[in-house]
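Q: Each chain, letter by letter, is given below.
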Amino acid sequence: MIRSYRAELLRSTSRGTTWFLAFCFALMVFSMSNAGPQHQSPLWGFRQAGIVVATLLMGRAATAAAGDFSSGTIRAWLISVPSRLRLGLGKLAASASIAAGFAVLAGAAGYAVSGLFGRMPGVGDMAAATAELLGACVILSVFGHATGLLTRSVPAALTVSLAWILAAEHVLEGRFAHSTQWLPGLVTQRLTQHKLTVEALPGALAHALLPFVLLDGLALLLFVRRDVTS
Amino acid sequence: MPNSNAPVVLSDLSKSFGSTRAVSSVTWSPKPGRVTALVGLNGAGKSTLMRLVTGLMRPGQGAVRIATGSDRRPLSAMIEAPALHTALTVRRNLRVHALLTGATAAETAEAAELAQVTHVLDRRVGTLSQGYRQRTAMALALLRRPEVLLLDEPTNALDPQAIAVLRTMIREVADQGCAVVVSTHQLRELDGVADDLTLLHSGQVLYDGPFDAFVGPAGLRIRAADQAATTRLAALMRADGLAAEQAPDGIRTPPNGRGADATAQHVFATAARAGIELVELSHLTPTLEEAFHSVISGARS
Numbered sequence: 109m110i111r112s113y114r115a116e117l118l119r120s121t122s123r124g125t126t127w128f129l130a131f132c133f134a135l136m137v138f139s140m141s142n143a144g145p146q147h148q149s150p151l152w153g154f155r156q157a158g159i160v161v162a163t164l165l166m167g168r169a170a171t172a173a174a175g176d177f178s179s180g181t182i183r184a185w186l187i188s189v190p191s192r193l194r195l196g197l198g199k200l201a202a203s204a205s206i207a208a209g210f211a212v213l214a215g216a217a218g219y220a221v222s223g224l225f226g227r228m229p230g231v232g233d234m235a236a237a238t239a240e241l242l243g244a245c246v247i248l249s250v251f252g253h254a255t256g257l258l259t260r261s262v263p264a265a266l267t268v269s270l271a272w273i274l275a276a277e278h279v280l281e282g283r284f285a286h287s288t289q290w291l292p293g294l295v296t297q298r299l300t301q302h303k304l305t306v307e308a309l310p311g312a313l314a315h316a317l318l319p320f321v322l323l324d325g326l327a328l329l330l331f332v333r334r335d336v337t338s
Numbered sequence: 166m167p168n169s170n171a172p173v174v175l176s177d178l179s180k181s182f183g184s185t186r187a188v189s190s191v192t193w194s195p196k197p198g199r200v201t202a203l204v205g206l207n208g209a210g211k212s213t214l215m216r217l218v219t220g221l222m223r224p225g226q227g228a229v230r231i232a233t234g235s236d237r238r239p240l241s242a243m244i245e246a247p248a249l250h251t252a253l254t255v256r257r258n259l260r261v262h263a264l265l266t267g268a269t270a271a272e273t274a275e276a277a278e279l280a281q282v283t284h285v286l287d288r289r290v291g292t293l294s295q296g297y298r299q300r301t302a303m304a305l306a307l308l309r310r311p312e313v314l315l316l317d318e319p320t321n322a323l324d325p326q327a328i329a330v331l332r333t334m335i336r337e338v339a340d341q342g343c344a345v346v347v348s349t350h351q352l353r354e355l356d357g358v359a360d361d362l363t364l365l366h367s368g369q370v371l372y373d374g375p376f377d378a379f380v381g382p383a384g385l386r387i388r389a390a391d392q393a394a395t396t397r398l399a400a401l402m403r404a405d406g407l408a409a410e411q412a413p414d415g416i417r418t419p420p421n422g423r424g425a426d427a428t429a430q431h432v433f434a435t436a437a438r439a440g441i442e443l444v445e446l447s448h449l450t451p452t453l454e455e456a457f458h459s460v461i462s463g464a465r466s
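Going down the list, the protein sequences come from chains Z and D. Here the first sequence is numbered in the working numbering, starting from 109 and rising by one per residue. Here the second sequence is numbered in the working numbering, starting from 166 and rising by one per residue.
Simulated from the structure, these hints should not be mistaken for lab results. Glycine residues also receive a C-beta, built at the ideal position from the N, C-alpha and C atoms. Any given hint could turn out to be false.
Claimed, not checked - Some chain D residues close to chain Z (C-beta under 7 Å, calculated; not the full set):
1) 219
2) 221
3) 225
4) 228
5) 244
6) 264
7) 266
Bound conformation, chain D alone (with noise of 0.2 Å):
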């Protein structure tokens, strides 16, 4: 449930392209001082929904409460691709938005520090790199620290150096206290830095909470003193009404209802009974993109 306190709150919120449903009642908020992350297919919903969230697109239903009242700017975004204007420097496009925002002198100089872009103000911004323009765009984003920052896709067209001071400037911006929601397709970028996880199908929520609880334990692996022991002892547990596919690498049985504490004792149990040594027994964690795909194909079907 969204915390009605919260600088941003979505509630009920609905957007339809033609018989496309895009977002579809999305009850959600970015909670501040955390990085979220917003993930989803292609098409799922996460532009569109950014582009509601900060007006740039009207919902057909449902609202967008912004707070206001603070010294701080409530909200600000980065979408898509970075839009600054060329022609000028990056210091004329900081004063541009600076005039727009009302951000102070230090406000303009605090933005532009966080952003790594103190030492490029008076190049023109069509001389620079996507990774310095990026940059640019996030100086422009973070003025006048707002409570709550959109980035989507922040990371496109971007080295890995580049992207390793992206993730290092979003965790210095959220331990401002700022709610960063970030979406994104590739869901490793955010592994380490990412303290929530938001993720979209078809316009719905269908996960919002925390990142490490989404990949979650993905059961146990077993492996006995040989094959042919490790393919009796599958056999036996599979008579004991557990899961159990045998692998190269072992016998995996997936998470069931019981828990994987209690799943452990039954296997050992098992082992124990037929004789069969066992030399090891771990527990299972995905992949992000394997919890991802295993939600996605549970929301399919």
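Okay, chain Z solo, but in the shape it has when bound (with noise of 0.2 Å):
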């Protein structure tokens, strides 16, 4: 498994990949430069991006578990890699590692920043800012590598995760109590909106990746047992 997971890592060191990520941080920047203006601090611009930046990051999990079909390149990744478990296992860790990855040098970056925009933001909240973003993007994440891999298409896979996140959850939150408390996009939202108690965040967290780890365990047992096509 680690073994797919270093290949993943150095096979998504990407100019690609370096520019969307770079993209992911301009749009922060920007938040926090939009901040003043409406009389808010950077560290609220970060937060407001934060949802954002983790739906991208969910969308780049997404192509890269469905792009491997897309293009084919499963094929030769499987016949290197014969087990699937391990293959699986070891992309699904690159994408949270590099979603984990992004946070942190986003909330540093973040930090350097910000006093550009407003009053620098105390390290203690920054660094509460940056991990509530970590939790966001690893966690959706996980959700778009689920996808990516059960619709093995890039776009079905961005379809379902963002109608999913954008739409549905939205629609459901209109219709019944208590949803912001257990559908894992509307969890994930608040996490990044510092809106939270510390009480709260574990049971929070369970509610917001469970369903996501339960959804991608589903996509591995499939992959491992489906045929490969492409």
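Assembling the complex is the task here: the two chains are given apart, and the hints tell you how they should meet.
A: Take a look at the structure:
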């Protein structure tokens, strides 16, 4: 699994990925710069951009998982690594690591530039915001990876994942009370916006992560058993 | 019969897609150090068989046994079009798969050299020609010197020069002890390269043996001094129970149970009794395509 993990990380270090992550960071900086006119702090702007960036990283994970089937590169990977479970877990871990790594870098860089847009946040506050962003990015990357592996098609994976996070959960939010406490996307959004108390955090993370972990488990099981015709 | 000590052994392998039996009870193993041509019509089951061997598909019945324990990679393959990361350089594609297969830097360099891609290592795969992409895919497949190498239609979309390079590469890899299996429609490209031939038809193995023996004799061609004598000789041969088809280039008699030499002596004797002078009596060798179609036609009937 370690080999698959390292190979996926190496594969992901392309110019395209670098530009994409730079774009995500640019969005965060824009949000931080936009805080002033709204009489808010750069930290507030950082947090507002969190769910957007986490959603984009979800799309990246979905594309990475499904793209191998669309392009046919999954054939070469499976021939090189006969254990599909190890391969799938390695790729999942890599997607999550890229999301986590981005969050840490974005937090550090965001702290460095925040002084340009207003009062610099405290280190502790920024660290908390970074940890929340990290959690959100990892949670949604797990979901993106699952949709990619299940659908084996980049358009389908993006459609399913974005439709769920951007539309379906918000429709359900309007219909069911307390949906923000148990729908994973909405919980993740509250996480990035610092709306969860410390006491509620473990339960909230479980609500957010568990459904996606189970979905990924199902995706991995099907990946192990289904024929690859790409 | 497959060699149980072979690195890869297929035992009674079958695969169906709905009501279509794509591979039917195939028992087979590629032979180390030899190039096997896996041939068959479209839909014969060649690609399906390769996907079953590589684990891309699960068999409905039977098993693929892959021997482990050697330093070398037991099995590698290049299935259909080259599957490369086009945004990455050749070097990075090799490094990714070196990580996956556990190949060392030396083994990676060896594979790159064998596939003749050392001079394009720093080029993005997306900028390479089809021929070089094929070579890059070959380099990935050659990492850690596999014991069995499956190549599914490797010459597709390649120009004649690239095909010649690929043929040389295939031969070199086989000479290093690898069992190379090449699936192709282009039978002529394998002439002079393949040692063995496995013919698939409707998912079943119709022939599995030496390439040269597959072609086999196609009977005799006989010519007399003139057309009238040839026609008379043909009639005499038919009267003697020999099949004799008159063609523009003489009389053709197909193989029969007696053997070519005995048939030739019979024809000599018949011509001598009738006072007919023969100017040619030669063995016919069918083309590979003729042999192929003959076997397929026989299977269909």
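Q: Indicate, hint by hint, whether the structure satisfies it.
A: Verification of the hints:
no.: 1; hint: 219; result: 5 Å, holds
no.: 2; hint: 221; result: 4 Å, holds
no.: 3; hint: 225; result: 11 Å, violated
no.: 4; hint: 228; result: 14 Å, violated
no.: 5; hint: 244; result: 5 Å, holds
no.: 6; hint: 264; result: 4 Å, holds
no.: 7; hint: 266; result: 5 Å, holds
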